[in-house]
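Enquirer: With the hints as your guide, set chain B onto chain A.
Quick mapping for you: the protein sequence lines, in order, are chains A and B.
To convert, note that position 36 of the first sequence is 36 in the numbering used here; the numbers rise steadily by one, no gaps.
To convert, note that position 54 of the second sequence is 1054 in the numbering used here; the numbers rise steadily by one, no gaps.
To be clear, the hints were calculated from the coordinates, so they are not data collected in a lab.
Note that the Cβ used here is the ideal one computed from N, Cα and C, for glycine as well.
Since no wrong hints were added, every one of them can be taken at face value.
Derived, one-sided and incomplete: chain B residues facing chain A with beta-carbon distance under 8 Å: (1) S1009; (2) F1012; (3) S1013; (4) D1030.
Computed far set for chain B versus chain A, every beta-carbon distance over 12 Å: (5) L1064; (6) E1066; (7) W1069; (8) S1076; (9) S1077; (10) K1081; (11) F1086; (12) L1087; (13) D1088.
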Amino acid sequence: MHIDGSDLRTVGIARVAIDWYRGKAKVNRPPASAPPEITPKTPTIGESTCRLPYEIVEMIVSHLKDIKALKACSLTCHSWHTAAVPHIYHILILKERTPGDARNKLNLLSGLHGLGLTPHVKEIRVRECFSTHWFVPEAFSSLDLGYFSALANVHTLKLEELEIHRFVPGIEHYFGHFSQTLRSITLYDPRCTPRQLSHFLSLFPNLDDIEIWYISTHIPHTTIPDTELVPFSAPKLRGQLTLCDFRYPETWTDLITSCGGLRFRHMDLRRVTGTGCASVLLGACAETLETLRFYPTDGSIGKPPRRMFICEPELMAGRNLHPLIP
Amino acid sequence: MEIFSTITSPVFSELVIAIEGNEIGYLSSDAVLFRTLRTMNRVRPFKLVFLAEIGEPDRHLGRLEETRWRLEGALSSVTTKGLLDFLDSPPTIRTGRLPDLGWEIRC
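Just chain A, same shape as in the assembly (with noise of 0.2 Å):
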């Protein structure tokens, strides 16, 4: 074989470049002996993400209202999930998407409960969609009332045409394990006498915000008279009321007679006709008022404003009971 200059050179230079290598390899692998080094892995995007402190992802997610969202972000990792699980399930939907039968509407509960869900939800929304309603007393069978009795942490109702008369007397079994949590209560037309409606509410003993709207007491002949209702308790009523169409100031009476009088700090009166309505609730919050909203007009599209608080057999006979007009 012959090798020429250039060849040597050539063979030179890659012993000199072998060598080099070697060299480079012996100063980066670590000997045997010594302890093995800890070098920091660059993270990626996802990882980097996984490693905030879960107080921030927590914070992070809870600015998310978005329901999209929110399941993506469960679906991200552990941490995530934990964070967004809460937020997915803190409003509880029951309502018809056909008439037929109400059992069906309960059987989410079920569903919850088996995930062990029950403990997120925080606020129960109760839509009746159809002139028949649904969630009544004879819906609830013992396994259903008992899933619905595992809804411990609520704070909020909102019930659409709630029908009060059909659960008097006995009301507190199927509500009473909101007694202790419940803050908020939304009432859209309920169905029940003014005085069941007070029975209703003393069920909650730290509720604090209450909003009617409107009242059907157009109901059947129920099993227990009103003046047997014996109120449940006193409630704190410290936040805000908002009525709208309300007329009967019973239901406020004797919520003054068992709370030994009321205080919310905020009132929002839209329509609330009926002699004396207005007048025991301004009298009632006196000292602890802090807000008053009031509609001046009754908001008839098209028609001219008539004055708040005057309802219609007053008015034909003259007499003014616009609470805040002399």
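Expert: Quick look at chain B alone, frame taken from chain A:
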């Protein structure tokens, strides 16, 4: 007036008069309302807020801004007539949606 005079709360600070957007025109002609407010303010001073509310269908199409301009115009007319001269500070103007139940479906 008598009812309002029963409010003895030391923290009472704000009275909100809510008006639907289509009734703002009536405001400047409602002398009884402003006379009542004057008497009320004498009994217990408060911050006066006018809130113009519009329905959900009108929320878009720039109706919110239009409603605010109309309310500002109506209050300007009221101020010119001297019906709000009992106030220490000009009334606050707010606009918002008519209250709803918040039944939006999340699940």
